[in-house]
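Trainee: Here is how the chains run, residue by residue.
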Amino acid sequence: MMLADARTLCPQIRTVPADPAGDIALLEKLAVWVQRWGPWSALDPPDGLLVDITAAAHLFGGEPRLLSDVDAAFVKRGLAVRAAIAPTAGAAWALSHFSAHLAPRSAPVRSILGSDEDAVGRLADLPVAALRLDNDVLTVLRRLGLKRLGDLADIATGAVDRSEAAARDALHRRFRNRKSPSANPLIRLDQILGRVPEPLLPVVPKQMPLVQRRLAEPLRHRSLLDRVVDDLAQDMARELEGRGEGARRLELGMWRVDGEVIVRRLELAAAIREAAHITRLLADKLEDIDAGFGIETVRLRTSWAESLNAVQSDVEHAAERHGTSLAACIDRLTVRLGPHAVRRPVSHASHLPERAQRWRMPLDPNPPLEAVAGFRARPLKILDKSERIAVLYASPDGYPQRFRWRGNVHDVARVEGPERIAPEWWREKSNVRLRDYYRIEDDEGRRYWIYRHGISGDGRGGRPDWFLQGLSV
Amino acid sequence: MPISVLPSGAKALDTFPVPSRPKGGSTGLRLSASTLSGDDITALSSAREGRWRPGLADQPLHSEIFAETRDASGAGMAMALARDALAMATQGTGQRAGQNKDPLAEQEDRRQVLWVQDRRAIQRSGRPYVHGLPPELRDRLIHVEAASPEDALFALEEGLRCRDLACVIGEIVGNPRALDFTASRRLSLTAEKHGVALWLVRLEAEADLSSARMRWRVEAAPSAASLWNAPAPGVPAWKAELFRARSHAPGKWIMSNDNGHLSAQNSNQRVRQAANTQDTGDLVRPTVGRSLAIIGRA
Numbered sequence: 000m001m002l003a004d005a006r007t008l009c010p011q012i013r014t015v016p017a018d019p020a021g022d023i024a025l026l027e028k029l030a031v032w033v034q035r036w037g038p039w040s041a042l043d044p045p046d047g048l049l050v051d052i053t054a055a056a057h058l059f060g061g062e063p064r065l066l067s068d069v070d071a072a073f074v075k076r077g078l079a080v081r082a083a084i085a086p087t088a089g090a091a092w093a094l095s096h097f098s099a100h101l102a103p104r105s106a107p108v109r110s111i112l113g114s115d116e117d118a119v120g121r122l123a124d125l126p127v128a129a130l131r132l133d134n135d136v137l138t139v140l141r142r143l144g145l146k147r148l149g150d151l152a153d154i155a156t157g158a159v160d161r162s163e164a165a166a167r168d169a170l171h172r173r174f175r176n177r178k179s180p181s182a183n184p185l186i187r188l189d190q191i192l193g194r195v196p197e198p199l200l201p202v203v204p205k206q207m208p209l210v211q212r213r214l215a216e217p218l219r220h221r222s223l224l225d226r227v228v229d230d231l232a233q234d235m236a237r238e239l240e241g242r243g244e245g246a247r248r249l250e251l252g253m254w255r256v257d258g259e260v261i262v263r264r265l266e267l268a269a270a271i272r273e274a275a276h277i278t279r280l281l282a283d284k285l286e287d288i289d290a291g292f293g294i295e296t297v298r299l300r301t302s303w304a305e306s307l308n309a310v311q312s313d314v315e316h317a318a319e320r321h322g323t324s325l326a327a328c329i330d331r332l333t334v335r336l337g338p339h340a341v342r343r344p345v346s347h348a349s350h351l352p353e354r355a356q357r358w359r360m361p362l363d364p365n366p367p368l369e370a371v372a373g374f375r376a377r378p379l380k381i382l383d384k385s386e387r388i389a390v391l392y393a394s395p396d397g398y399p400q401r402f403r404w405r406g407n408v409h410d411v412a413r414v415e416g417p418e419r420i421a422p423e424w425w426r427e428k429s430n431v432r433l434r435d436y437y438r439i440e441d442d443e444g445r446r447y448w449i450y451r452h453g454i455s456g457d458g459r460g461g462r463p464d465w466f467l468q469g470l471s472v
Numbered sequence: 000m001p002i003s004v005l006p007s008g009a010k011a012l013d014t015f016p017v018p019s020r021p022k023g024g025s026t027g028l029r030l031s032a033s034t035l036s037g038d039d040i041t042a043l044s045s046a047r048e049g050r051w052r053p054g055l056a057d058q059p060l061h062s063e064i065f066a067e068t069r070d071a072s073g074a075g076m077a078m079a080l081a082r083d084a085l086a087m088a089t090q091g092t093g094q095r096a097g098q099n100k101d102p103l104a105e106q107e108d109r110r111q112v113l114w115v116q117d118r119r120a121i122q123r124s125g126r127p128y129v130h131g132l133p134p135e136l137r138d139r140l141i142h143v144e145a146a147s148p149e150d151a152l153f154a155l156e157e158g159l160r161c162r163d164l165a166c167v168i169g170e171i172v173g174n175p176r177a178l179d180f181t182a183s184r185r186l187s188l189t190a191e192k193h194g195v196a197l198w199l200v201r202l203e204a205e206a207d208l209s210s211a212r213m214r215w216r217v218e219a220a221p222s223a224a225s226l227w228n229a230p231a232p233g234v235p236a237w238k239a240e241l242f243r244a245r246s247h248a249p250g251k252w253i254m255s256n257d258n259g260h261l262s263a264q265n266s267n268q269r270v271r272q273a274a275n276t277q278d279t280g281d282l283v284r285p286t287v288g289r290s291l292a293i294i295g296r297a
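These protein sequence lines map, in sequence, to chains W and D.
With numbering that gives the first Met the number 0, the residue at position 363 of the first sequence is 362, and numbering never jumps.
With numbering that gives the first Met the number 0, the residue at position 294 of the second sequence is 293, and numbering never jumps.
If we strip away everything but chain W, and leave its shape as in the complex, we get (with noise of 0.2 Å):
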């Protein structure tokens, strides 16, 4: 259904636009989480969780006090959640999803099935769709009139008489070939019961490199914390060269004692582990931190770790201690301008000049261009905004033989044009206009870079207007 439709049927809706990179990122979260139900857990997007409690579930008092827990936790976090535990992951996510299909009995008590219970006969009532199939096989199975578990359950394990073995085979052969779980309810069944293993891949959280010091007595003076900072620099170029990782995003948390946290952030454009940089640069970022009653806890943690093997330095030692590395350099650059200040234009695939070009961080690599554009002259600098000159005579169709721009009067001497550029039809409104540049030469020498927004009798506005975009060298 459309959005405009649903709008239609039910005016109060509220919408909320799809997220799914947010939602399995939270999904991720969670998964870390829930290990406190089970030593490990796997993702099943994507809305699944699923959890190994074997010989856990007594620690919370048995499956159903589990369960309950499991359920008071989400409820407390905002989250709905139907939990089921049973012997294998496919029966308990065909109990968390269908066991409403189910018989009535209590709620905890009807989402779990014990090992010792009979499958079969519990999850016979259950429709086909429990089996995690791909939804070509679940219509294939509704038009065979298999609707329940149990229809399947009974021609695929024995035959009680002819017919049903006939169906049997019938049903072997129609998924002969399937070799795909999802595409095979023959495996998917036999996975549910646990005759056939089914793998799982457990999601093993990473811990980044973390470094604190617990302070005896409150800091409320600048020197003592830069004291801090620089041990605990150092103990963090210790720890991310025992992990061979070098640093590119360090947080630096800093707990006061009325409970206030300052947190301060530093990206670095390459990954590096040297303490006396980091705390360099942490230096600068401290300047407007108010203390308050004082400081007890500081905390350094790299939330973004890339590796960096151990190099032998530079046998001429001379060229490494004179000057700096250019990392070292953006990075200092970065942190006192801002971290848009320092850039590098690269071209982009465009024909419109300030599309032509983007700005990138300085140590990213170049992307790859598929086809370099075979561009004509262009300006060495372009303005940020294209200014509007006043043309003060003109031939109709050609070029200005005189303008001004910014108060001053400029006689053309010598042009070169017109290069048509037309819009992006594919990306831009209709009624954008072309543009005719031309390469001029004023009478004293200068040399810019000019075009007229679109023609007169385009359809597309009045008069054309006269802009210089560029400045030659």
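I should point out that these hints are in silico values taken from the structure, not numbers from a laboratory.
Among the hints, erroneous ones may be present.
Partial selection, computed: residues in chain W whose CB lies under 7 Å from chain D [unchecked claim]:
1. SER114
2. SER324
3. ARG331
4. VAL334
5. LEU336
6. VAL341
7. ARG342
8. PRO361
9. ARG462
10. PHE466
Beta-carbon label-pair distances, calculated as ranges [what the hints assert, rightly or not]:
11. VAL256(W) / SER147(D): 34 to 40 Å
12. VAL31(W) / LYS192(D): 49 to 55 Å
13. ASN174(D) / ARG375(W): 37 to 43 Å
14. ASN228(D) / GLY21(W): 55 to 61 Å
15. HIS339(W) / GLY259(D): 49 to 55 Å
16. ARG221(W) / ARG110(D): 36 to 42 Å
17. ALA177(D) / ARG76(W): 49 to 55 Å
18. GLN90(D) / ALA275(W): 33 to 39 Å
19. MET360(W) / SER225(D): 37 to 43 Å
20. ALA269(W) / ASN228(D): 44 to 50 Å
21. VAL31(W) / GLN90(D): 58 to 64 Å
Beta carbons are placed, not taken as given, at the ideal position from N, Cα and C, and that holds for glycine.
Using the hints provided, position chain D relative to the given structure of chain W.
Mentor: The following block gives chain D in isolation, referenced to the frame of chain W:
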């Protein structure tokens, strides 16, 4: 490193660089007047007082270029001088290592170029455009946008201190208070300590006190005739005046940069040629703002 053989006479011009560059200049600095003969001293001093010309192996490391914001001649001139110096530097190291001049053998310079602009310079004269840059600098330019002249000076100094940069180009508008003699002296000392060259473009600025080793004043000049398209602008040219230099005599040139090759023409010569030949067209104004009588006297 003791010096065993002293080159003498005219050869000293090439081997003894002006002692402003730390790497090449180390031998020159150790020479005292007592180790040089009188001929060498005169040769050296004449070399230092000689006219500037493009392609000198020993460019000073801190130059200032005064230009207007109305055109890109300042940035273009800085770029041309930087390319000239970089080309000479790579050629020089190749010769020093005893390699032949095979273009395939020489190592390509992949170091980055830092271009610092303060915000007013960006507003008034625009930012660098990647398709207009010289092809060898196109993918190795790092641009710094500084909010104030103080930040721009900080960025320039940090850039000069970095050993991985080929050179630094700066653009600062006007005469901000931060850019006084002390600041320019700091820049000179840092550049000479670390051997990274700086071309500082001063837009719309008065030539006040500065410790720059060379100071240029640049204006746009009518370009040379285009090869294929007569009415089109050709190879860009500038009127450049070297009005203060530590090791060269001041002078005026018409400079042009043809595909990375910097050429300078003495403006007097050019004017004389133009004055002699009647057919000047509309490309060169015969007198460049001066009367023919003055040129005749010069």
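Trainee: Would you mind marking each hint as holding or not holding in the structure?
Mentor: Now for the hints, and whether the structure bears them out:
A least Cβ separation of about 64 Å between SER114(W) and chain D goes past the 7 Å threshold, and the interface hint is therefore violated. With a least beta-carbon distance of about 6 Å to chain D, the hint placing SER324(W) at the interface is held under the 7 Å criterion. A cut of 7 Å between beta carbons decides the hint on ARG331(W): the least distance to chain D is about 5 Å, and the hint holds. Look at VAL334(W): its Cβ only gets to about 11 Å from chain D, farther than 7 Å, so that hint breaks.
At about 6 Å, the closest approach between the beta carbon of LEU336(W) and any beta carbon in chain D falls short of 7 Å, and the interface hint on this residue holds. Against a cut-off of 7 Å between C-beta atoms, the interface hint on VAL341(W) holds, since the closest Cβ of chain D lies about 5 Å away. Here the hint on ARG342(W) is kept, as its CB sits about 6 Å from the closest CB of chain D, short of 7 Å. Look at PRO361(W): its Cβ gets to within about 5 Å of chain D, closer than 7 Å, so that hint holds up.
The interface hint given for ARG462(W) is violated, since its Cβ lies 25 Å from the closest Cβ of chain D, which is over the 7 Å cut-off. The beta carbon of PHE466(W) is not positioned within 7 Å of any beta carbon in chain D (closest approach about 13 Å), and the interface hint is therefore violated. Against the hinted window of 34 to 40 Å, the Cβ-Cβ separation of VAL256(W) and SER147(D) comes to about 37 Å, which satisfies the hint. As the Cβ distance of VAL31(W) to LYS192(D) is approximately 52 Å, the hint placing it in 49 to 55 Å holds.
Judged by the Cβ atoms, the range 37 to 43 Å given for ASN174(D) and ARG375(W) holds: they are separated by roughly 38 Å. Range check, ASN228(D) to GLY21(W): about 56 Å between beta-carbon atoms, so the 55 to 61 Å window is met. Between HIS339(W) and GLY259(D) the beta carbon distance is about 32 Å. The supplied range of 49 to 55 Å is therefore violated. The hinted range of 36 to 42 Å is satisfied by ARG221(W) and ARG110(D), whose Cβ atoms lie roughly 38 Å apart.
The given range of 49 to 55 Å is respected by ALA177(D) and ARG76(W), whose C-beta atoms sit roughly 54 Å from each other. GLN90(D) and ALA275(W) have their C-beta atoms about 37 Å apart, which keeps the hinted 33 to 39 Å range intact. Restraint check, MET360(W) to SER225(D): a C-beta distance of roughly 39 Å satisfies the suggested window 37 to 43 Å. Distance hint for ALA269(W) and ASN228(D): a CB-CB separation of about 46 Å, consistent with the stated range 44 to 50 Å.
As the Cβ distance of VAL31(W) to GLN90(D) is approximately 59 Å, the hint placing it in 58 to 64 Å holds.
This entry does not satisfy hints 1, 4, 9, 10 and 15, going by the numbered hints stated previously.
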